[in-house]
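Engineer: Single-letter residue listing:
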Amino acid sequence: MYEEMVTARYYEERLQEEYLEGKQPAFDISAGPIPGELHLAAGQEASAAGVCAHLRDTDTVTAPHRPHHVAISKGVDLKRMTAEIFGRETGLSKGKGGHMHLYDPDMNFACSGIIAQGCPPAVGAALAAKKRNTDDVAVAFLGEGAISQGGFLESLNLAAVQDLPVVFVIEDNDWAISMPKARVTDVEDGSRRAGGFDVRGERIDSDDAVAVYEAAETAVGRARDGNGPTLLEVQVHRRMGHFMGDPEAYRSDADVEAAQERDSIERLADRLREHGVEGDDLEEIRERAHDRVDEAIEWAKEQPQPDPEDAYEDVFTDALEGWPERPERELAATDGGER
Amino acid sequence: MAQADVPDPDAAGRELTMSRAMVEAIAHEMNESRDVFVMGEDVADYGGIFDSTQGLLEEFGHDRVMDVPISETGFIGAGLGAAMQGMRPIVELMFADFFGVAMDQIYNNMAKTAYMSGGSVSAPMVLMTAVGGTYNDAAQHSQTLYGTFAHLPGMKVVVPSTAYDAKGLMHAAIRDDDPVVYMFHKRLMGLAWMPAPEGPKTGVPEEPYEIPFGEADVKREGDDTTIVTLGLHVHRALEAAADLADDGIDAEVIDLRTLVPLDTETVLESVQKTGRLVVVDEDYRSYGVSGELIARATEGALEDLEAVERVTAPDTPVPYARPLEEEFQPSAADIVAAVESVRE
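These protein sequences, in sequence, are chains A and B.
Residue numbering for the first sequence follows my numbering, starting at 1 and increasing by one per position.
Residue numbering for the second sequence follows my numbering, starting at 1 and increasing by one per position.
Hints are computed from structural coordinates only; laboratory data are not their basis.
Fair warning: there could be bad hints in the mix.
The calculated EDC-like cross-link candidates involving lysine to aspartate or glutamate, where the alpha carbons are at most 20 Å apart (straight line), are [as the list claims (entries may be wrong)]: (1) A:K131 / B:D63; (2) A:K79 / A:E89; (3) A:K131 / B:E29; (4) A:K131 / B:D67.
Please take these sequences and the hints and turn them into a complete structure.
Structural biologist: Put into structure tokens, the structure is as follows:
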């Protein structure tokens, strides 16, 4: 868990550097080596690491628009994921998806850039597992800003009524773009929504990866044993803006500082030291993680840009004929008059 | 485009309604593979409110013919999730009109999975839905919306007009590796409470067969004017063609059968022969199928075109009262008038 969290944090810091390259001094979202929007998840590592620690490759995870930490914890190929974020030919989706749309079928990992809309496909993956009598489970991650969405609530109900092996994980980072949680919902404990569907719910009120791990152990185990869905809510924090370039004028300095001070990685490092893990061992893990990230980013940047013609491929698995060629005919035969 | 090698409907020795033909294909595919299952509102105990799943529960049970909560985003998305795992769900959206509540799962997730994953993940599901009016159910239960689905890339769009086509297209839809939207017209299904016109009940071979996508069917050959249409209006166009024949006008009627892919070639060949094109569509007039067909004919056969007209629903929500809806619906008489107009 520690290694995954350190990897995810450093990955986001490095992506931030790369992203801002070419976008200074005047911010231009389309300039620089990383195209488009970039939603970073620094501060949210504990939820992904704590939950995914219990998952196998055959278990399915769907992530929202802020997916990197979840993908890293699920074991998505870091190099190909990075190449995808840089829009390169060897990326997970050959440069057609981008950072919000990462698909790794080997790891049963998928994203949706639309909030809460990864929930129904996670329910479907769980349905497939049940129909095929495997003990695979599915986990849908969503933000606290998505908990009022129909897609989430419908999924919770459908998973409950069908007793499906799904775990829903709300990552509560306090902010839905510029809307603080208190203005989004009157229910401070989002996991209480589970009660309305007769589903078990639990809130982990801190960034404590160990607490997440323990709660997820029960939830994933319950799903794997055929005992239905669970809703977890994990209090995380948002160290950066909603997207890169977000000036966060809506957010007080004190709130940003408070988020910066709460560091789930340091908290876990302290726990590990208390349990006798040597500082050198932690440093070694950190160095290994940093090397892996640097290597992935360097590899991705060396990858070729996609061929423009490839834009037309993969709309369907078997290519449809395109627009018809203009038929050959003798133009002299048509004079526009009577036929 | 060449017609595929498919069994002869006339030699079948029996006739089925369109709904029976669809169900026969679904049942066959469910017997062939455990990965095929049906999910939707009232598809099990009720048998589909338009008989689209009639009898499947008795054969396959609730595990494989699943009634679900009234929760289209949830269950259409769940169908997608199962399809992404390699299953082949058939998900019924009761009315095409309801797609708005589940639009994100349909056009942002189902339709874009193959593309956004760079082809590494596909969604081999069938989204089956009822379309069309003619039964006074007003603006939220009578739309055809062919153009909306066909406009958004990533879904194949199928519109059968006969029992024979319905079965062959359903086999092909279930076996297809991409998401297929299968839009059936309520009036063609052979429902006890909504009598079908003459025509959709046809001979249907007992053995399975596929009608390939992208092959329009020339339902009536003729030399004078090309009528291109789909769904219920194939039958109205044939009725119009019969009336026109009495006046010595020989109209050709092309049934598109699939909108994505679209068989432009058959339309162009016909237009090159007749020089006159009438497009008939129960969907709204603007920005839809009729405009698309005329654009393709113009791009591909401009020199051959002498006259073009379209007969469509107006850009108006579907009205309720009988005389109002009759005014709204393209009729056989409207088609006759359009053909006469392009011949002037």
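Engineer: For every hint, state whether the structure bears it out.
Structural biologist: Do the hints match the structure? See the list:
Simply put, K131 (chain A) and D63 (chain B) have alpha-carbon atoms about 8 Å apart, close enough for the 20 Å limit, and the pair holds. Simply put, K79 (chain A) and E89 (chain A) have alpha-carbon atoms about 12 Å apart, close enough for the 20 Å limit, and the pair holds. Between the alpha carbons of K131 (chain A) and E29 (chain B) the distance comes to roughly 17 Å, so the proposed pair stays at or under 20 Å and holds. For the suggested pair K131 (chain A) and D67 (chain B), the alpha carbons sit about 15 Å apart, so the restraint of at most 20 Å is met.
Of the numbered hints listed earlier, not one is contradicted by the structure.
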